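First to last, the protein sequences are chains A and B. Heads up, the final residue of the first sequence is numbered 160 in this note's numbering, and it's a clean run with no missing numbers. Heads up, the final residue of the second sequence is numbered 324 in this note's numbering, and it's a clean run with no missing numbers.
Possibly wrong hints are sitting among the right ones.
In the DMTMM-like style, the derived pairs of lysine to aspartate or glutamate whose C-alpha atoms are separated by at most 20 Å in a straight line are [to be verified]: (1) A:151 with A:106; (2) A:75 with B:218; (3) A:75 with B:213; (4) A:102 with A:68; (5) B:270 with A:56; (6) A:117 with A:56; (7) A:75 with B:290; (8) B:200 with B:180; (9) B:162 with A:71.
Across the chosen pairs, the derived CB separations fall in these ranges [what the hints assert, rightly or not]: (10) A:50 with B:162: 42 to 52 Å; (11) A:82 with B:245: 48 to 58 Å; (12) A:145 with B:181: 36 to 46 Å; (13) B:162 with A:48: 27 to 37 Å; (14) B:161 with A:111: 48 to 58 Å; (15) A:56 with B:246: 27 to 37 Å; (16) A:48 with B:201: 24 to 34 Å.
Simulated from the structure, these hints should not be mistaken for laboratory data. These numbers come from a predicted model, not from an experiment. Quick reminder that beta carbons are idealized off the backbone N, C-alpha and C, glycines included.
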Amino acid sequence: MCRNSFFDYYRQHKLKIKVVRIFNTYGPRMHPNDGRVVSNFIVQALKGEDITVYGDGSQTRSFCFVDDMIDGIIKMMNSDDSITGPINLGNPQEFTILDLAKKVIELTGSRSKIVFKPLPQDDPMQRKPVIDLAREKLGWQPKIALEEGLKKPLNILINY
Amino acid sequence: MKKRILVTGGAGFLGSHLCERLLNEGNEVICVDNFYTGTKDNIKHLLGNPYFELIRHDITFPLYVEVDEIYNLACPASPVHYQFDPVQTTKTSVHGSINMLGLAKRLKIKILQASTSEVYGDPTVHPQPETYWGNVNPIGVRSCYDEGKRCAETLFLIIIDNIN
Numbered sequence: 001m002c003r004n005s006f007f008d009y010y011r012q013h014k015l016k017i018k019v020v021r022i023f024n025t026y027g028p029r030m031h032p033n034d035g036r037v038v039s040n041f042i043v044q045a046l047k048g049e050d051i052t053v054y055g056d057g058s059q060t061r062s063f064c065f066v067d068d069m070i071d072g073i074i075k076m077m078n079s080d081d082s083i084t085g086p087i088n089l090g091n092p093q094e095f096t097i098l099d100l101a102k103k104v105i106e107l108t109g110s111r112s113k114i115v116f117k118p119l120p121q122d123d124p125m126q127r128k129p130v131i132d133l134a135r136e137k138l139g140w141q142p143k144i145a146l147e148e149g150l151k152k153p154l155n156i157l158i159n160y
Numbered sequence: 161m162k163k164r165i166l167v168t169g170g171a172g173f174l175g176s177h178l179c180e181r182l183l184n185e186g187n188e189v190i191c192v193d194n195f196y197t198g199t200k201d202n203i204k205h206l207l208g209n210p211y212f213e214l215i216r217h218d219i220t221f222p223l224y225v226e227v228d229e230i231y232n233l234a235c236p237a238s239p240v241h242y243q244f245d246p247v248q249t250t251k252t253s254v255h256g257s258i259n260m261l262g263l264a265k266r267l268k269i270k271i272l273q274a275s276t277s278e279v280y281g282d283p284t285v286h287p288q289p290e291t292y293w294g295n296v297n298p299i300g301v302r303s304c305y306d307e308g309k310r311c312a313e314t315l316f317l318i319i320i321d322n323i324n
């Protein structure tokens, strides 16, 4: 019933909808002071300030480079009309926040120390997308690994 | 085929990259942003392009433009920004989606909604497939964003049934 009315709507109105669920994304033009973990760590490392890890740093995130994300978003828009989503877009490579802090220190050659602060309310403990749908329906998957991608925004953020 | 494409939140982090890519692919882009968290710096390199048009507009108010496709990316996305004015954050997702869906309906065009992994909240299923309903605190500090985006998904996916 639902599906029938759905396709009737296409025929009558030709409105087509697409929904993507975007997981953590990083890259050039990230706001340096917006409190997001990748930009926070890089700015702190470059300034030689303490790197603030909330909680014990065991919470995980998966980080997708912006170029990969834009590919996925455009592929979704251009996909067959029957594909409405929601479809997850993100990089399934998972890191703990502590791993990320260490990577940023290593990449920047910073002398920053890692300090731990209490976890904010409702901070998710784990995040990792299943991207089977995106692979199957859009032929999309991220190409840029975190180590590679992290070097790119560094160059941009250094200018701030 | 050259298209005229509306990108809301086009001066933001993702939006500016999207505008740039769509222009490079030979499209015309109309970038809409209220510059709450988006910046002119993000798009200044596009301002000289004759196929790029910038409109300062808040999508919680209706917008009428003639386009072939809409990418609805507008909404502050970092906790620091979206928690600064939580009511406006929810309005951007909910009223913004209603306005953009209304425009898409009127023009009979394709519209893409940028939803978020935040719809999964603090997930108890790991990793997260699209079939997982999520674990969101409806009255927590993050809920203005999470619930706004969840409601936007609802609006997108029910509009079809609602109209029939």
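List in ascending order the numbers of the hints, as given earlier, that are violated by the structure.
-> 2, 3, 4, 5, 11, 12 and 13
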